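A.B. asks: The primary structure of each chain is shown beneath.
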Amino acid sequence: MLEDKKDNIFLSRWVNGELSPEEFQEFQSHPEYEYYTKIIAATNTLDLVDYDVDEELTKLKSKRKTTPAKNKPVIKLLPYIAVAASIAILLGVFLFNANDSFSTSYGEQLAVTLPDGSEMILNAKSEASFDKSNWKNNRTVSLHGEAYFKVKKGSKFTVSTTNGNVSVLGTQFNVKSHASFFEAVCYEGKVSVKNKQENKILTAGKGFRAIANKPSELWAFITEKPSWIDNTSSFRSVPIRYVFKELEKQYNISIDTTNIDNNIIYTGTFPNNDINVALKTVFSTLDIQYQLLDNGKTVVLEE
Amino acid sequence: MSDDKNSTCNERAFDHFFKSHAKLLRSYLYYKFGDLDQAEDIVQDTFIKLWNNCSKVPLDKAKSYVYTIATNLGISNARHQQVKFKYQNYITQRKNDITNESPEFVILEKEYMEKLKSAIADLPERQREVFLLSRIDKKTYKEIAELSSVSVKAIEKLMHKALVTLRKKIGNI
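Protein sequences appear in the order of chains A and B.
Once you know that position 299 of the first sequence is 334 in this note's numbering, the rest is easy, because the numbers rise by one and skip nothing.
Once you know that position 51 of the second sequence is 39 in this note's numbering, the rest is easy, because the numbers rise by one and skip nothing.
Because the hints were derived from the structure by calculation, they are not lab data.
Straight line, CA to CA, 27 angstroms or less: simulated BS3-like cross-link-like pairs of lysine-lysine:
| no. | chain 1 | residue 1 | chain 2 | residue 2 |
| --- | --- | --- | --- | --- |
| 1 | A | K96 | B | K44 |
| 2 | A | K73 | B | K130 |
| 3 | A | K235 | A | K171 |
| 4 | B | K37 | A | K98 |
| 5 | B | K98 | A | K73 |
| 6 | B | K51 | A | K94 |
| 7 | A | K249 | A | K235 |
Which residues of chain B face chain A? A few of them, derived with a C-beta cut under 10 angstroms, are:
| no. | residue |
| --- | --- |
| 8 | K7 |
| 9 | E28 |
| 10 | E97 |
| 11 | N160 |
Stretch by stretch, here's where chain A covers chain B in the computed footprint (C-beta under 8 angstroms, at least three residues):
| no. | stretch |
| --- | --- |
| 12 | 13 to 25 |
| 13 | 34 to 46 |
Remember, it's a predicted structure, so these values are computed and weren't measured experimentally.
Heads up, the beta-carbon is just placed ideally off N, CA and C, and yes, glycines get one too.
Chain B on its own, in the form it takes in the complex:
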């Protein structure tokens, strides 16, 4: 069993599985629970659990296994402390190519970005999760739906709601 390349007990299969799923799991947990350090710790703990139970979890079930375990770990952590979404320093802005803008424009732009980030931080958990997975991690609605086992339609509704909520929060600037 442990030599089977479709088993999570197989070192190479495990490594490959980690490399292709850890990053998205970390984003998912961060958007959901709002704490990046905690998200990274949970990723570690989750994969250790997977390794310890590898004989019971075949590779094709591993993805939903890690998402379930990680979400539960996150919930039991979040119960103790209501964390506000910490976006500062974690969500960064890609460098803009255009640098010959007027200083006023740059300042206004900066203000807008701050407003946007705090509006994202204030989004209800599910809306934020969907919105950021779609926009930052460039996941399709279908992929996002699979992560939390809901319908694509539900994700589309959340995305729509997230945009409306952001629009209201940001106002007319």
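Just chain A, same shape as in the assembly:
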């Protein structure tokens, strides 16, 4: 193609405008000239996606500070939680940093990074603990309450509760265990659920629930993460007493249910950040009258 140009840096010199006028004129009449011109013209319109140097520097600085503390569990509050975070949470973080148990109070959430980088987000009024020193060999979290897990791939990961165990190899799932209520929901991968009576495998988009003495049930869903992460509690055919429990945990109130039947089945949602909307949503759909007493700490229900 350019065999007559013996010079092995000819094109480099051309691109740089270093050819002599004679050389340039000769090249222009060469049949190859237009093809090379086109390559250069087209390449000149190319660009590489932007690089935000300032942002990268900020990222670098945050890494620089955290590198020495590699093996400590990092406790971080998600941005929207940080807004709602009370001094109590901060206190909790400092108090619980030393050992390996974490707990949340009424209406709080807490994001915890486990030693292997797996994440656990605790919902309100929940407790979780694990053995940090033996984490490599034994990835087990004891849970009382509700938490959402994003597990890093690795050895078996188990969430142990009084109602049963949920174990996985690496996936995202939610576990809720209170008194006689046990629920596990799988968002990604596969989890195995085991309680006294049963052993079930859940694939992504499947949930398992066992309430008191009733037979357990399985269902399918399409959401990608539990709604409480975004500050909404949601229920699917749940006896109303468990909905009241959740209201109590989110808002630090107590609900007096003596006048109503607390076995009504409820399907619906309520927000975790606005008590008035939450109470209205739940009770108006059930056609229940309610009254707030004791500075809004007690809710009395009447049919």
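Dock chain B against the given chain A, drawing on the hints supplied.
C.D. replies: Below, chain B without anything else, positioned relative to chain A:
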């Protein structure tokens, strides 16, 4: 030592050094190893290394230090996986000012650009590196030669070769 403004331990000197070198280092690594995300990670890791060793690396040696470290990190990563140069979405085309072209022309032009980009992706590593540093990052042959400590002549040869290779790949369109 750490208060010296010519030391990489000096925060302001370090920041300035990062800002003036990170972008080109990222391009260099991308053209060389073909993976932009990996290139950005390596830039981060390299500068963390520089910071951790700042007392041993004076500012005037820092540039060749980061290029050496980054290249080594890239090589040890690339050994595990032979990455094909990923140009899609990363190398973009600047918007053309002329929009009143005929649709056929626009389509042909688009086809040509795709062909060009895949020909660039198929270039041997060194040729691609030189060609893109020169054309996209607008670096002179001398600047490119300094990055990989070779002669300007070697860079000129690579540039010439890259153009010949591209010309053969693209054919007569």
